[in-house]
Amino acid sequence: MRLLIVEDEENISSYLKASLKAEGFDVDVASDGITGLNLALSNRYDAITLDIMLPGMNGYKVCHEIRQAGLETPILMLTAKNGEYDEADAFEIGADDFLRKPFSLVVLTARLRSLLRRKGQQRSRLIEIAGIELDPSRRTVKRMGQPIELTPREFSLLEYLMHNQGQVLTKAAILGHVWDSGFMGDENVVEVYIGYLRKKVDAPFGRKSIRTVRGVGYKIIDEEA
Numbered sequence: 008m009r010l011l012i013v014e015d016e017e018n019i020s021s022y023l024k025a026s027l028k029a030e031g032f033d034v035d036v037a038s039d040g041i042t043g044l045n046l047a048l049s050n051r052y053d054a055i056t057l058d059i060m061l062p063g064m065n066g067y068k069v070c071h072e073i074r075q076a077g078l079e080t081p082i083l084m085l086t087a088k089n090g091e092y093d094e095a096d097a098f099e100i101g102a103d104d105f106l107r108k109p110f111s112l113v114v115l116t117a118r119l120r121s122l123l124r125r126k127g128q129q130r131s132r133l134i135e136i137a138g139i140e141l142d143p144s145r146r147t148v149k150r151m152g153q154p155i156e157l158t159p160r161e162f163s164l165l166e167y168l169m170h171n172q173g174q175v176l177t178k179a180a181i182l183g184h185v186w187d188s189g190f191m192g193d194e195n196v197v198e199v200y201i202g203y204l205r206k207k208v209d210a211p212f213g214r215k216s217i218r219t220v221r222g223v224g225y226k227i228i229d230e231e232a
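Oh and the sequence shown: position 115 is 122 in the numbering used here, straight run, nothing missing.
No wet-lab data here; the hints were simulated from the structure.
Just to be clear, a hint being listed does not mean it is correct.
[As the list claims (entries may be wrong)] Cβ pair distances, simulated, as ranges:
no. : residue 1 : residue 2 : range
1   : Ala-76    : Ser-26    : 25 to 35 Å
2   : Ala-95    : Ala-210   : 45 to 55 Å
3   : Val-175   : Ala-95    : 35 to 45 Å
4   : Leu-112   : Gly-213   : 49 to 59 Å
5   : Phe-98    : Glu-230   : 37 to 47 Å
6   : Ala-210   : Pro-109   : 52 to 62 Å
7   : Ile-19    : Gly-222   : 39 to 49 Å
8   : Asp-15    : Ser-49    : 14 to 24 Å
Each residue gets a CB set at the ideal place from its N, CA and C atoms; glycine is no exception.
Generate coordinates for the entire structure from the input sequences, incorporating the hints supplied.
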């Protein structure tokens, strides 16, 4: 699971990054609102912890911009401020949960896992594009009723493409989501795996749903739409 922590207090962000990585999360950190927003819009995260009082752009504005961009990433807002209006404002602009400082790591981790469970339930529905049926909960793929065997990496890549139907995804974005932020290998591995998917998902059915946008990246389309 990949998390984004947007927190300007270095002692807190360093502690959270180390602690959450020990819990099995892959963690990116931003120390100001503008950087946090840019990361949130250019990468795919499973959840975001977002402080309210941030330099550059406050947490309310960051949350608002994320939702305006159409992203449904679960957002847990953190604040040292004390007041029920702050909490109400956070929910009003699209936050999913709210936690006051100081908080315990146990409580924060429990809140995050709760958000991720809810997200998992929402995403468990079948995704269907161009005759491809992907079931996230069962980890199965069919096309025109015929089962397709994919490796875990191939499945994650196809799921990412299908969740972003019609959008061009760069190699960097794909690496960041399907691999992880610490991947140090050749980015052309993405091209290799796109080739694997085409041989399994497109070629046997005489389709070309997975497209290359030269010099930019890859996308999946519904040819009949």
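Each hint, compared with the structure:
1. Ala-76 to Ser-26: 25 to 35 Å: Between Ala-76 and Ser-26, where Cβ atoms are some 29 Å apart, the hint holds.
2. Ala-95 to Ala-210: 45 to 55 Å: At 53 Å between Cβs, range holds.
3. Val-175 to Ala-95: 35 to 45 Å: For Val-175 and Ala-95 the Cβ distance comes to about 38 Å; the hint holds.
4. Leu-112 to Gly-213: 49 to 59 Å: Check passed, 53 Å falls within 49 to 59 Å.
5. Phe-98 to Glu-230: 37 to 47 Å: At roughly 41 Å between Cβ atoms, Glu-230 and Phe-98 fall inside 37 to 47 Å, so the hint holds.
6. Ala-210 to Pro-109: 52 to 62 Å: 56 Å, holds
7. Ile-19 to Gly-222: 39 to 49 Å: About 40 Å separates the Cβ atoms of Ile-19 and Gly-222, which means 39 to 49 Å holds.
8. Asp-15 to Ser-49: 14 to 24 Å: Taking Cβ atoms as reference, Asp-15 and Ser-49 lie about 20 Å apart, which means the hint holds.
The structure agrees with every numbered hint stated previously.
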